[in-house]
Amino acid sequence: MKKPLLEFTDKGIYCGAAKVYLDPWKPVDKAIISHGHADHSRWGHEQYITHHRNVPIISHRLGEINVSGREWGESFTVNNVKFSLHPAGHIIGSSQIRVEHKGEVWVFTGDYKTENDGISTPYEPIKCDTFITECTFGLPAFKWTPQQEVFENINQWWTDNQAEGKTSILFGYSLGKAQRLLKYLDTDIGKIYTHGAIENMTQVLRPLVDFPETTLITKETKKEELLGNIVLAPPSAHGSTWIRKMVPYVTASASGWMTFRGARRRRAIDKGFVLSDHCDWQGLLSSIEATGAEKIICTHGYTEIFSRYLREQGYDARTEETQYGDEEDSTTPEETAPLETQTP
Amino acid sequence: MKQEQTTSEIDTTTVFGSKELGMRGFAALIKTLDSTNKTNVKVQALTDYFLAASNKDKVWTIAILSHRRPPRPVNTTLLREWASELANIPLWLFEESYHIVGDLAETIALIVPSSKTSTEKTLTQFLEEMIALKKKSDDDKKTYLFENWKVLDYYERFVFTKLITGGFRIGVSQKLMTRALAKATEIDEDILAYKLMGNWDPNTITFQELIIEENESDYLSKPYPFYLAYAIEGEPEDLGDVSLWSAEHKWDGIRSQVILRNDELFVWSRGEELVTDKYPEFNQFKTTIPNGTVIDGEILPYIDGQIGTFNDLQTRIGRKTVSKALLKKVPVVLKAYDILEWEGNDIRNKPFTERRAILEKLYQKTDNLNIPFHLSETMHFSSWEEVAKERERSREMFSEGLMLKRKDSPYLVGRKKGDWWKWKVDPLTIDAVLTYAMRGHGRRSNLFTDYTFALWNENDEGEKELVTFAKAYSGLTDAEFRKVDAWIKRNTLERFGPVRSVTPHHVFEIAFEGIALSKRHKSGVATRFPRILRWRKDKSIHEANSLDDLKSMIP
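Protein chains in written order, with UniProt numbering: chain A, 1 to 344; chain B, 1 to 555.
Next comes chain B alone, as it looks inside the complex:
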């Protein structure tokens, strides 16, 4: 009885207290992480796990939670077919269930026959089996999956399948995992973060090599915590004398810290992820910017002498290695905001204007070297009206709005109020017609909450027709969603699996942050962060905007 409870329920004390945690302990860990929203509970569960797991399993856990999984041994088409076969349901019913559940591994774990048994194997054993599985025949793969699906309990089955499918997104950032590992090992978190960077193979490296062994260069890559600003509250006039403030544009790229120490370069993103390898352009800094320098800036796409859109940058973000073609197509630059370390000294406590003077001098020295080092220009105004006017120019400048920084401000740690404020431009908006609706996922799967919106456009025959341009699934209250859902169910034109086309009737105001031409979209336009601003019950569909109206917003 007691035994059963430890496997079906999370009981960290019993599971983590046992000598050999194995896969059962790892599944219990994932279940705990998955079933809380509280960061301290997550960190505690991870810490307890790291204190109790075997060294080999620990290395694999670190690898899995830092997205270093072995390649997928079975493709998802086969997984779906075999899971439906074992569950004795038609494939279409599996697909419908998958759509509603929203996660492949979870769907499989739910639909295959349930088992009350559990596994004694270690996490490492499972991963070694999966690595070996890749080269095996389909028959062997199927046998392997069936054997495991039949004996693992629900959560183990889910975790096992998740390891096969990849994509282990369970709300645990690498930072959080590192924090727990630091607690368990009593090694400084930043040093650990550095140790976990780069290329290492969980299949060959030992815990000793990865974590414990001292490394002289540990401190080298250490970034400073980023200073983050809050959005301005109320009117900018409330900030007082405009002459005390420096303004600059808020660039829409990746906030980063570039570190030059000991002839080495490190690039950290704001998520404190080491992204040096993703931006080989910056290798040029090693010979042009002196050692003992740390710069805070924004990585921006810079195409044909012009700042590109976030869409352009997106093509670079996901890649671990960058092809030559892509480097040429979407080159990036560092737009420098601030300097935190100079000649090996931490200068964060100097006033902003003094730091900027150092930064600007450095910039001038490198100006003629043609390196991807740009300066985010500061501006000084004599009235808040002038500042407001500059903010209006943000879209043509390819910025998100303005940053206001007190001239005497130090570089603080984390998100702080008072010295720095962001003053973003208002979102762009357009009135569009609801044309398609899709069921939401999970608990919302009975409600149609994912909508597609269209704008008017003249076709070749000169007739006006609705062209879809964006999808949005947030911005309405639950009461509104319920009303729209009820209306959709009564006004469905056609059904395409989970999607329904509806009578064009309702107009919604859609807000979005940015806009760019796009070949991937039918409308030829891509919008950034589209969301529903409000339901325009006062407007008929003929009062909705046209695609030309939208295109005219492209800067």
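Same shape as in the complex, but just chain A:
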């Protein structure tokens, strides 16, 4: 039996023919990286290949690394295996990785979403034989509303809080969600303040996307000047002394998990907005159909349930254990705490 084009090893997804790994979780010689979240781009590889829009992100996160950037759809060969990167729509610079060898095509999604968020290059379905997909929200309970509607609600919430003389604190992961929120906050309402982790990442991304003005919260920032304005903070800041100094405030979280009534309450957040950078149930199903793939491999999320459903729909679907899924949307804020540094 011939070896599959991509294998799941204890270091990551491995292409034996090219001797290259995709989003490996242990240090390797050569890694092709889908996007900049910590669970997909880890420290310690000899060589990184990724989309050029992701280069500043991982360079900022990982420090001095040997990285080369590629264009969307640009083919490059490694040991006679053809690779190319295609937009995944998850965050800025996030790619699907297409691998072609001896007429066989595999696509690895990393993380992706089907809705055009206006800052990440929109997702494009890629024809393939085997599709390696995430399924973070692979349950029929997840249905996203168009982001325009969600942002109208967020801006309305901010306006309402302002009318009550309170500071609005909106939680979102410092890479991805924070910039998506920032892009659509209505600066006619007030000023946008940022936590250090979000400010730093946003500065890295400003050359790529036009964002509204932000003001970093420092030791000198008086809580009075925050009143009526909005603060973007990473989830890990929730409950910290940094936040407590801002009273009176109202908190909200923007995440796909806010679908569940209990999620907001368990986290003791005042308001939940359902906004995700992953596919919802229909998004996953329509993407899979659009690839024309017969073989589907589910890497993280509700993998067992989702692959069983796909099998019933006639796909050759299975689950592989990976170490992905440890970004903002799939862990509690407390759990992401070590990833973020808090500015006092």
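FYI, nobody ran anything at the bench for these hints, they're computed from the structure.
Take the hints with a grain of salt, since some may be wrong.
As the list claims (entries may be wrong) - Below, simulated EDC-like cross-link-like pairs (lysine to aspartate or glutamate); rule was C-alpha separation at most 20 Å, straight line: (1) B/LYS483 x A/ASP270; (2) A/LYS183 x A/GLU164; (3) A/LYS143 x B/ASP426; (4) B/LYS489 x A/GLU149; (5) B/LYS422 x B/GLU392; (6) A/LYS2 x A/GLU100; (7) B/LYS483 x A/ASP39; (8) B/LYS464 x B/GLU343; (9) B/LYS522 x B/ASP549; (10) B/LYS483 x A/ASP10; (11) B/LYS365 x B/GLU392; (12) B/LYS38 x A/GLU164; (13) A/LYS2 x A/GLU46; (14) B/LYS222 x B/ASP188; (15) B/LYS38 x A/ASP188; (16) B/LYS38 x A/ASP270; (17) B/LYS489 x A/GLU321; (18) A/LYS102 x A/GLU294; (19) B/LYS329 x B/ASP312; (20) B/LYS537 x B/ASP419; (21) B/LYS489 x A/GLU100; (22) B/LYS489 x A/ASP270; (23) B/LYS422 x B/GLU390; (24) A/LYS143 x B/GLU95; (25) B/LYS389 x B/ASP346; (26) A/LYS143 x B/GLU85; (27) B/LYS471 x B/ASP419; (28) B/LYS539 x B/GLU392; (29) B/LYS116 x A/ASP270; (30) B/LYS389 x B/GLU513; (31) B/LYS116 x A/ASP160; (32) B/LYS150 x B/ASP138; (33) B/LYS489 x A/ASP160.
Unchecked claim - From the derived model, a few chain B residues whose C-beta atoms are all more than 12 Å from chain A: (34) SER84; (35) GLU189; (36) ASN291; (37) PRO331; (38) GLU458.
All values derive from a computational prediction rather than experimental measurement.
C-beta atoms are modelled at their ideal positions from N, C-alpha and C, and glycine is treated no differently.
Given the coordinates of chain A, work out where chain B should sit on it, guided by the hints.
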């Protein structure tokens, strides 16, 4: 545009300001209650609702929030089947989703196709339809559900389905609802609480009859606020001269107030719920304890001349009416701590010792009557060491520890520091092996956070095997949960739906409050409030405890 926002967003001013709130207003109310942890926000939302809703809808709202719902018109098996059909998904996928979401009505509301429309019907109309629905054919029921699921917006759909399934737990106690109703009607809260007690039918009673009409006997049942103690901080020696303190055991039952006025009996639980009907034993007090008496005590199971366990009492708590068989099997007594009213006078400001003297005299008078009125004995010690020794006896006494009360203390209102302290016994602990894990609910549904623990036991062939004895899902830090979760995912032996069996490898110290023999548990033992105390990384599974070790803790 504006219209859409009021239905999809909570905007209490617009929704509650409209003349006819109907189901839309009720759904908006539930959404507000559901999306805040702040009591004052909840009370305000309820008050606004009570000020704006129609009288009929108000009666139904009061009924729903005080657990008086019409019987369930459709069984949940059919609900699941029909919801899966409408959502066009297989039943197993519905069940998996239900497991992860954790609430049936919420699952249904999420998976059926979404609609942007809303309803004009009143809450009362919906409930009358549901009452009529019970007698209809399955086909009619299905048609009714489909029609409504298709036109209601998300939150209305959730509330509608919740009314069908029953179990409306949304973090609003009857007390909170009563407080809001008091604000809206300007009727005293305690009087309202009394008015809402007992049996009334929301389908026939009017708001006027239920709430507004004056009732001479309103004051009769009124309980005093309970005085509650904090756990002792630091060493008991810090409380000073031991001779100033009275000690008694802290009984593990239901803290209650028994009121005798005008030849009537009222029994209130600490949750300020009127539970008179649940404990018919106490009817004997009407002829044996004089009018104008209020006693603070603990309702305890008392079986064959011995105090039973909380497990025993549990069989009585949930029942609205008690069968003769159960009355015989688990009779209860009132273990009296204190007396708050005597000869019709409020005596809460008298010193504790004086109140106790009155209580003890009353007790002696009734001693030979064989009524379920017991005294919680006070004890006086000459040193704190003696007190500590008595505390050690708590488990054999079937108590949770000791209560320390200053001899000169008045009976205060609510939880107060200083005069009364509770000094509970340390929890029992045992080292057990992690054997099964289940996904948590909601946001934790990607993590395995619900664990089953086992202890060693010798089987008939004399081989040692692990027997499960308790489940626990709290006590670890999030970082620890994440580590255990990662380990579980790599060390799964078998999968049973959401449950995984794992390689026995990790030992955890499990703490629990009480222990009793139980036929319902495979291990033959039931533990009370089991939780994880710590992860014993220093122990191998062979150093975990045995089931015999656990059984030896049974008093």
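Evaluation of the provided hints:
Taking the CA atoms of B/LYS483 and A/ASP270, the gap is about 29 Å. The hint is violated against a cut of 20 Å. Only pairs whose Cα atoms come within 20 Å are accepted, and A/LYS183 paired with A/GLU164 is rejected, the gap being roughly 24 Å. Between A/LYS143 and B/ASP426 the alpha-carbon distance is near 48 Å, which puts this suggested pair outside the 20 Å criterion. Our distance criterion of 20 Å between C-alpha atoms is broken by B/LYS489 and A/GLU149, whose separation comes to about 38 Å.
Distance restraint check for B/LYS422 and B/GLU392: the Cα-Cα separation of roughly 14 Å lies within the 20 Å cut-off, and the hinted pair is therefore satisfied. A distance of roughly 15 Å separates the Cα atoms of A/LYS2 and A/GLU100; the hinted pair therefore holds under the 20 Å criterion. The suggested pairing of B/LYS483 with A/ASP39 holds, with an alpha-carbon distance near 15 Å, which does not exceed 20 Å. Taken as a hint, the B/LYS464 and B/GLU343 pair is broken in the structure, with Cα atoms around 64 Å apart against an allowance of 20 Å.
Only pairs whose Cα atoms come within 20 Å are accepted, and B/LYS522 paired with B/ASP549 is accepted, the gap being roughly 16 Å. The straight-line distance between the Cα atoms of B/LYS483 and A/ASP10 is roughly 18 Å, inside the 20 Å bound, and the hint therefore holds. Our distance criterion of 20 Å between C-alpha atoms is broken by B/LYS365 and B/GLU392, whose separation comes to about 32 Å. Between B/LYS38 and A/GLU164 the alpha-carbon distance is near 16 Å, which keeps this suggested pair within the 20 Å criterion.
For the proposed pair A/LYS2 and A/GLU46, the alpha carbon gap of about 29 Å is over 20 Å, so the pair is violated. Restraint check: the Cα-Cα separation between B/LYS222 and B/ASP188 comes to about 11 Å, which is no more than 20 Å; the hinted pair holds. Between the alpha carbons of B/LYS38 and A/ASP188 the distance comes to roughly 30 Å, so the proposed pair goes past 20 Å and is violated. Simply put, B/LYS38 and A/ASP270 have alpha-carbon atoms about 9 Å apart, close enough for the 20 Å limit, and the pair holds.
Between B/LYS489 and A/GLU321 the CA atoms are separated by roughly 8 Å; this keeps the pair inside 20 Å, and the hint holds. Taken as a hint, the A/LYS102 and A/GLU294 pair is honoured in the structure, with Cα atoms around 18 Å apart against an allowance of 20 Å. Taken as a hint, the B/LYS329 and B/ASP312 pair is honoured in the structure, with Cα atoms around 9 Å apart against an allowance of 20 Å. Distance hint between B/LYS537 and B/ASP419 is unfulfilled; the C-alpha atoms sit about 42 Å from each other, more than 20 Å.
For the proposed pair B/LYS489 and A/GLU100, the alpha carbon gap of about 31 Å is over 20 Å, so the pair is violated. Proximity of B/LYS489 to A/ASP270 is assessed by CA-CA distance (about 33 Å); at most 20 Å being required, the pair is judged violated. Between B/LYS422 and B/GLU390 the alpha-carbon distance is near 14 Å, which keeps this suggested pair within the 20 Å criterion. Using a Cα cut-off of 20 Å, the hinted pair A/LYS143 and B/GLU95 holds, with the two alpha carbons roughly 18 Å apart.
Simply put, B/LYS389 and B/ASP346 have alpha-carbon atoms about 36 Å apart, too far for the 20 Å limit, and the pair is violated. Between A/LYS143 and B/GLU85, the direct Cα distance comes to roughly 18 Å. Compliance with the 20 Å bound is thereby established for this hinted pair. Taken as a hint, the B/LYS471 and B/ASP419 pair is broken in the structure, with Cα atoms around 37 Å apart against an allowance of 20 Å. A hinted pair counts as satisfied when its Cα atoms are at most 20 Å apart, and B/LYS539 with B/GLU392 does not qualify at roughly 28 Å.
At roughly 24 Å between alpha-carbon atoms, B/LYS116 and A/ASP270 are farther apart than 20 Å, so this suggested pair is violated. Among the hinted pairs, B/LYS389 with B/GLU513 is consistent with the structure: their alpha-carbon atoms are about 19 Å apart, no more than 20 Å. For the proposed pair B/LYS116 and A/ASP160, the alpha carbon gap of about 23 Å is over 20 Å, so the pair is violated. Between B/LYS150 and B/ASP138, the direct Cα distance comes to roughly 18 Å. Compliance with the 20 Å bound is thereby established for this hinted pair.
Note on B/LYS489 and A/ASP160: the hinted pairing is violated, with a Cα-Cα distance of about 44 Å set against a maximum of 20 Å. Not every C-beta of chain A lies more than 12 Å from that of B/SER84, the closest at about 9 Å, which undercuts listing it as non-interface. At the 12 Å boundary, the C-beta of B/GLU189 stays outside the reach of chain A, the nearest C-beta of that chain being 26 Å off. Here B/ASN291 stays apart from chain A, with its beta-carbon at least about 46 Å from theirs, past the 12 Å limit.
No Cβ of chain A approaches the Cβ of B/PRO331 within 12 Å, the least distance being about 39 Å, so the stated non-interface status holds. The Cβ of B/GLU458 sits about 36 Å from the closest Cβ of chain A, beyond the 12 Å cut-off, so the non-interface label holds.
Checked against the numbered hints listed earlier, the structure breaks hints 1, 2, 3, 4, 8, 11, 13, 15, 20, 21, 22, 25, 27, 28, 29, 31, 33, 34; every other hint is satisfied.
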